[in-house]
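Enquirer: Chains as they are written, first to last, in the numbering used here: chain A, 1 to 433; chain B, 1 to 162; chain C, 1 to 538.
Honestly, I wouldn't trust all of these hints.
Keeping only pairs whose Cα atoms sit at most 25 angstroms apart, straight-line, the calculated DSS-like set for lysine-lysine is [as the list claims (entries may be wrong)]: (1) C:Lys302 - C:Lys339; (2) C:Lys138 - A:Lys376; (3) C:Lys302 - B:Lys78.
No wet-lab data here; the hints were simulated from the structure.
What you are looking at is a predicted structure, and each value in this text was computed from that prediction instead of being measured.
One-letter residues, chain by chain:
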Amino acid sequence: MAGELKVLTANLGMKGTTEIDAVMRRGAYEALIKAMTRMTPDQVLGEVKAANLKGRGGAGFPAGLKWSFLPKGKDKTRYLVCNADESEPGTFKDRLLIENDPHKVLEGIIIAGYATQSAGCFIYIRGEMPQGARVLQRAVNQAYDRHFLGKNILGSGLDFDIWVARGAGAYICGEETALMNSLEGKRGEPRIKPPFPAGYGVYGKPSNINNVETYANVPAIIEKGADWYNSIGSADTPGTRLFGVCGHVKNPGLFELPSTVTLRELIYGHAGGILGDRKLKAVIPGGSSVPVLRADQIDVTMDSAGLKAVGSMPGSGGVIVMNDSVCMVRALHNLMRFYAHESCGQCTPCREGTHWLELLSGAIERGEGREGDADKILSLSKNIMGRTICPLGDAAAMPAESFVRQFREEFEFHIREKRCLPETMRMTTIYSA
Amino acid sequence: MSRDIRELLADKEFQRKMEKLAGLYPEERSALLAALHLCESETGCCGEEFQEYIAGKLGIPRASVKGVVTFYEMFHEKPRGKYLVQVCRTLPCMLAGAEILLDHICGKLGIRPGGTTKDGKFTLVTVECLACCDRGPSLMINDTLYTGITPEGFDKVIKELD
Amino acid sequence: MALILVDGKEIAVKQGETVLQACMREGIEIPYFCYHPSLSIVGQCRMCLVKVEGAPKLLTACTTTVPELPREKKLDGRYDMKVSVACDEAREAQRGIMEFLLANHPLDCPVCDQAGECRLQEYSYDYGAPRSEFVFEKLHAPKRVVLGPHIIYDAERCIKCTRCVRFCQEITKTSELSLVERGADTIVGTFEGGSLDNPYSVCTADLCPVGALTYREFRFRERVWFLQAHNSVCPECSRNCSVRVDSYKGEVLRIVPRYNPSVNGYYMCDHGRLITERMRGLETRELPSLIRDGKPSPMNEKDFYARLVALFSEKKYRPGDVAVILSGRMSLEEMAAYKRLSKELFGAVIGDVLLRSGESDDLLVRDEKRPNLEGARKLGLPVSGKDEAVSSLIGGKKALLIIREDPVGEAPQEERERLDTAIGSVETVVVMDDHLTATAARAHYFVPLAGWFEMEGTTVNFKGQLQKTTRCVAPPEGRKPFHDVTAEFLKAAGKEAPSGFREWFEEVKKEIPVLGLVKAGEIPLKGIPLPERKEKHG
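Can you build the whole structure from these sequences, using the hints too?
Expert: As structure tokens, this is what we get:
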């Protein structure tokens with residue numbers, strides 16, 4: 001088993017890493033100084049493009065390419081946005097980065113601001129993370145004091161501000177355009193695309209949005225170069241990734257690894273194997289929105305290519321492990337209740353479809369399922385998939401479809417026998433294990 | 001917590017904070033969520049009186065402010081208890097035992113999710129993923145996060161409040 | 001200009017136009033709920049999903065524009081996009097959306113006012129599945145919510161298309177409405193009950209594709225399929241909004257805006273629509289009457305007009321002795337008839353059309369509160385400069401003829417008595433109107449006229465657009481348009497006279513030569529723009 005490679009998490013577990021002095025002694029802001037004093041914005045952009053840094057929010061879009069979509073020219077106000085609205089069930093990497101090493105995130109943002117010659121960046125952090133918001137705001141203030149923010153930063157001519165904004169309890173605000181509406185003091189309803197944020201973002205101005213972890217990757221790329229970055233990980237997802245493993249494992253937590261790591265290594269190696277010494281039953285490998293895998297599908301690498309081969313995707317890097325004490329109907333019902341609760345409600349298939357899926361999975365779970373209900377879950381998923389304004393519809397449909405496809409017999413048993421599989425009558429918890 | 005809204009709106013210190021918030025972002029209306037958070041933490045809700053005030057202050061239609069307050073889970077139109085107990089019920093915490101914890105809390109406080117204790121001290125709600133999935137079950141009481149919490153741990157926590 | 005192929009039909013798409021708009025223009029049906037040509041595009045209902053060749057998933061036609069492809073990339077060497085509305089994939093998606101929309105919809109069509117003009121009903125028939133597989137209890141949401149003085153909301157029927165919300169944000173810019181709550185609990189709400197009170201609030205009910213927003217004054221009045229529709233024009237200001245008047249059993253039950261890009265677009269104001277309520281219960285007479293001490297006594301028409309003719313020939317009023325107050329509520333035909341009558345009775349065209357003005361806005365409502373003042377100007381009738389001209393007109397006159405105006409009733413309280421006395425002191429007062437007004441109570445002779453929706457006529461709005469109103473309901477026998485009253489008059493005086501709207505329209509054409517070739521029966525629904533009036537000097 002390959003060991004952890006600590007690039008993003010190098011400062012985690014150290015003391016005082018939220019203080020600018022402490023982290024600067026450990027090399028923080030050196031990449032920023034290098035970028036702004038020895039490189040042109042285009043060189044910085046070129047380096048990030050060459051590094052093939054993939055977005056870490058879930059969709060995996062190349063960050064450098066995304067930056068290059070912003071229109072150029074001095075007359076245009078451009079904004080960056082940092083998506084810290086981490087709320088995908090199973091995902092807890094951004095919280096740890098923000099609360100433990102905020103300056104790494106800020107440094108990445110300011111470098112991106114220099115590369116794109118933007119006016120500033122909004123960091124939109126989940127309302128449920130007041131501590132993270134306080135840490136970030138304090139770090140931002142420290143960066144202003146050091147003139148890493150403000151007017152004419154390091155003599156580069158760049159004026160750049162960072163605003164910290166809090167969400168208020170809405171998963172949908174993790175969707176980029178919903179987030180922008182929320183930043184503007186509106187309901188977090190996603191916008192139709194086109195226009196894309198690169199042309200019409202916050203306040204209608206060209207905007208670029210990346211996830212916390214994506215920005216946190218930037219300093220190392222600038223410091224060590226694209227070649228170094230590409231030497232780590234796999235061709236489709238170079239660099240290290242933060243994998244959060246939770247659920248029925250003995251050693252849950254965050255692991256920084258190249259995405260060439262296999263799902264098996266992650267679960268049985270880094271996360272210490274299955275809780276309660278029971279059998280592995282199912283894994284959701286990239287946050288609750290990606291298709292679920294069975295125990296026999298874990299010998300794959302954690303990059304796009306590996307997970308695609310078994311019908312799933314890397315998503316946000318949150319790995320949810322379930323042992324054989326878990327009733328898959330109950331697990332699906334939990335997820336469907338989540339998506340129904342978090343649907344913004346503006347478009348029909350998501351509003352009505354997630355609600356219906358919640359009711360239907362709940363009915364099966366309670367023993368009120370009827371013949372044909374498993375197929376109905378599939379047909380509802382199909383009617384949602386690809387037909388909504390934003391990806392929340394797909395995010396609900398993918399688990400629904402995959403739970404039934406992968407565990408069809410259990411669903412049929414539940415419908416027929418009106419109860420859980422015998423081995424799932426008592427679920428393993430931290431209290432029982 | 002639980003301050004009277006009229007008293008709050010008349011408070012000079014509060015007005016100063018509002019002025020500061022309004023000027024914090026490139027456009028004033030971006031301060032709406034922050035203002036609602038502030039009112040929520042001071043008074044325990046964002047009722048119509050505050051909605052009307054902030055609508056005028058930030059130049060946002062009143063109906064839109066109501067639309068925002070009712071959209072976000074963390075804002076309440078009606079006052080809630082002094083302590084808002086927010087229990088994560090999403091899958092990773094469920095796998096860790098959140099349902100057992102929630103049952104215990106319901107029994108302990110004598111209320112169902114959505115309810116408030118008779119003395120107005122606790123309001124219990126279930127919330128979605130708090131992004132501490134590796135340390136579940138998690139809950140928040142007002143702004144404070146508790147992870148890996150057992151039923152006994154919960155009893156101890158609420159005993160230490162006040 | 002791009003070229004697309006939609007299910008085998010070639011359609012040219014203009015720059016910036018969406019697939020939905022292009023298809024609508026060409027008569028290809030794509031179902032939709034949330035789109036409206038006057039509102040921003042939100043793509044929320046998802047009903048207009050269509051297949052676009054090469055796209056990884058179905059696209060909403062309402063949001064899809066067509067970029068022009070370089071020649072070598074054109075599909076089949078010719079097209080910029082190939083679209084299918086009717087393929088199995090698109091049809092299945094449309095059926096899926098209908099299934100979702102109907103899942104929580106109450107299906108209370110038997111008691112729903114929208115039944116018969118409901119898009120959900122219509123599309124259920126065309127695109128829906130034969131039965132619902134939603135076996136759960138439908139979501140309950142507030143019903144009979146008073147959103148405003150004229151609008152009642154049923155949240156269970158609402159499909160969240162947000163047309164009403166966008167109307168208040170984008171058209172009236174009053175923003176009284178917002179979506180509130182979220183997910184399946186999302187409904188439309190106001191900040192406080194009843195605050196949807198902008199002057200165009202009822203347009204939200206017109207825009208609502210289902211029975212969620214209903215027009216309070218029309219609720220439960222009649223099933224819409226029993227209504228008879230008539231094209232007319234709103235008489236409440238010089239905008240002359242094109243309207244459709246819905247009547248049942250001789251009563252006007254509802255007035256709704258009729259799309260006319262050169263006059264009112266899609267909308268009309270609530271004030272115009274509420275004519276129906278103001279009309280109700282007005283006292284009138286079916287026969288001309290002599291009035292003594294404010295009490296009318298009806299006479300048969302023949303005797304009445306003979307008596308009037310005798311009166312005028314006996315008294316030998318000279319033009320200077322007579323004041324005539326005319327109204328911008330008269331149709332062009334009525335005005336032309338008056339000119340003829342005036343020449344016969346007084347030897348000259350005398351009289352003033354009263355200017356009545358009031359509040360206006362940036363949207364539709366004009367300050368001139370009469371529909372046909374521009375028509376009067378076109379026919380060379382003087383429009384009195386000021387609202388308060390009435391008393392100066394009456395001063396020292398022996399006879400007073402007032403047609404379709406009620407100066408006493410409309411006078412401000414403080415002037416009312418003075419005006420009342422002034423009119424009361426005139427030797428002969430003749431009032432003609434569609435109901436017994438306060439002024440009529442001071443008259444010696446009252447002639448009942450047909451009301452605006454009871455007659456055919458033409459009218460010219462402030463921009464010079466000539467439109468025709470039709471007879472939406474029949475007036476009781478004896479109540480006639482003024483041009484027919486003129487004919488009675490002239491007959492009683494032994495003169496020849498044109499008869500009916502069509503013949504009088506020919507008289508109008510003599511004065512507005514540009515109408516030369518237009519026949520009364522061929523006036524287009526959108527009307528005819530008349531050239532600008534040239535001011536006559538000297």
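Enquirer: Would you mind marking each hint as holding or not holding in the structure?
Expert: The hints, checked one at a time:
1. Restraint check: the Cα-Cα separation between Lys302 (chain C) and Lys339 (chain C) comes to about 22 angstroms, which is no more than 25 angstroms; the hinted pair holds.
2. Under the criterion of a C-alpha separation no larger than 25 angstroms, the hint pairing Lys138 (chain C) with Lys376 (chain A) is consistent with the structure, at around 18 angstroms.
3. A hinted pair counts as satisfied when its Cα atoms are at most 25 angstroms apart, and Lys302 (chain C) with Lys78 (chain B) does not qualify at roughly 74 angstroms.
Of the numbered hints given earlier, the model fails hint 3 alone.
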